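Position chain B against the provided structure of chain A, taking the given hints into account.
Which chain is which? The protein sequence lines are A and B, in order. Counting from 471, one number per residue, gives the positions in the first sequence under the numbering used here. Counting from 273, one number per residue, gives the positions in the second sequence under the numbering used here.
Hints are computed from structural coordinates only; laboratory data are not their basis. Here the structure is a predicted model, which means the values were calculated and not measured. Glycine included, C-beta positions come from ideal geometry on N, C-alpha and C. Keep in mind that a hint or two might mislead.
Covered stretches of chain B (in silico footprint by chain A; criterion: 3 or more residues with CB under 8 Å from a CB of chain A, positions within the stretch not fixed) [unchecked claim]: (1) 279 to 288; (2) 309 to 319.
Between beta-carbon pairs, the in silico distance windows are [stated by the list, open to error]: (3) 311(B) <-> 494(A): 42 to 48 Å; (4) 333(B) <-> 484(A): 43 to 49 Å; (5) 283(B) <-> 576(A): 43 to 49 Å; (6) 286(B) <-> 494(A): 36 to 42 Å.
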Amino acid sequence: GIQVEQSPPDLILQEGANSTLRCNFSDSVNNLQWFHQNPWGQLINLFYIPSGTKQNGRLSATTVATERYSLLYISSSQTTDSGVYFCAVNRDDKIIFGKGTRLHILP
Amino acid sequence: ETGVTQSPTHLIKTRGQQVTLRCSSQSGHNTVSWYQQALGQGPQFIFQYYREEENGRGNFPPRFSGLQFPNYSSELNVNALELDDSALYLCASSFGGGRFDTQYFGPGTRLTVL
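Bound conformation, chain A alone (with noise of 0.2 Å):
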């Protein structure tokens, strides 16, 4: 099956710092999503991106399928990002998630 690789798998930053996670798939696929996953537990959608490159606030992707990886950036990073950010892949009828990035940013 398809494989998932995220890194780093852990990131502690300074608050205002920027950074940039990475996720590398290993056959093509349908679609790529990205989700941040709060301290709590609770799973938000961050982006929809199969290729391209989209934005949102401080928090930007781009997805080269072609090369089959995918890029987070988040910029001015803020106590409220911490968490961990996973991206989950989708081929035919499954969806595999990576084992995700944890991100501490200190205040």
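Same frame as chain A, now just chain B:
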């Protein structure tokens, strides 16, 4: 417009028992997906229901079963509970039956099997 809700919030069961988890989808959504998230892992897809029919299934044994009702709410049933079933169970709703369109997740049910 109400969001996705799940009940109960927490649940403790013993090995061999059966459990039913419930999910109410967001208003206007007709598709519900269920996921199992073990501690420190990403969610794993269990199955999806669209208009009361199963619309896809992950690698889970038949003792994991589900239902979707005419109002698009859903249940996840797990029989013969095992210790490894301890996890956070998430449901997500979406609209349109496209396998994995933009999904809105509930807060989850944390199941502990002793």
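Evaluated hints:
Here's how the stretch 279 to 288 of chain B fares: 0 of its residues keep a CB closer than 8 Å to some CB of chain A, so the rule of at least three is not met and the hint is violated. Under a criterion of three residues with beta carbons nearer than 8 Å to beta carbons of chain A, the stated coverage of the stretch 309 to 319 of chain B is upheld, 6 such residues being counted. Separation of residue 311(B) from residue 494(A) is about 24 Å and departs from the stated range, judged on CB atoms against 42 to 48 Å. Between residue 333(B) and residue 484(A) the C-beta distance comes to about 46 Å, which sits within the given range of 43 to 49 Å.
Distance hint check for residue 283(B) and residue 576(A): the Cβ-Cβ separation is about 35 Å, which falls outside the suggested range of 43 to 49 Å. Distance hint for residue 286(B) and residue 494(A): a CB-CB separation of about 41 Å, consistent with the stated range 36 to 42 Å.
Comparing the model with each numbered hint stated earlier shows that hints 1, 3 and 5 do not hold.
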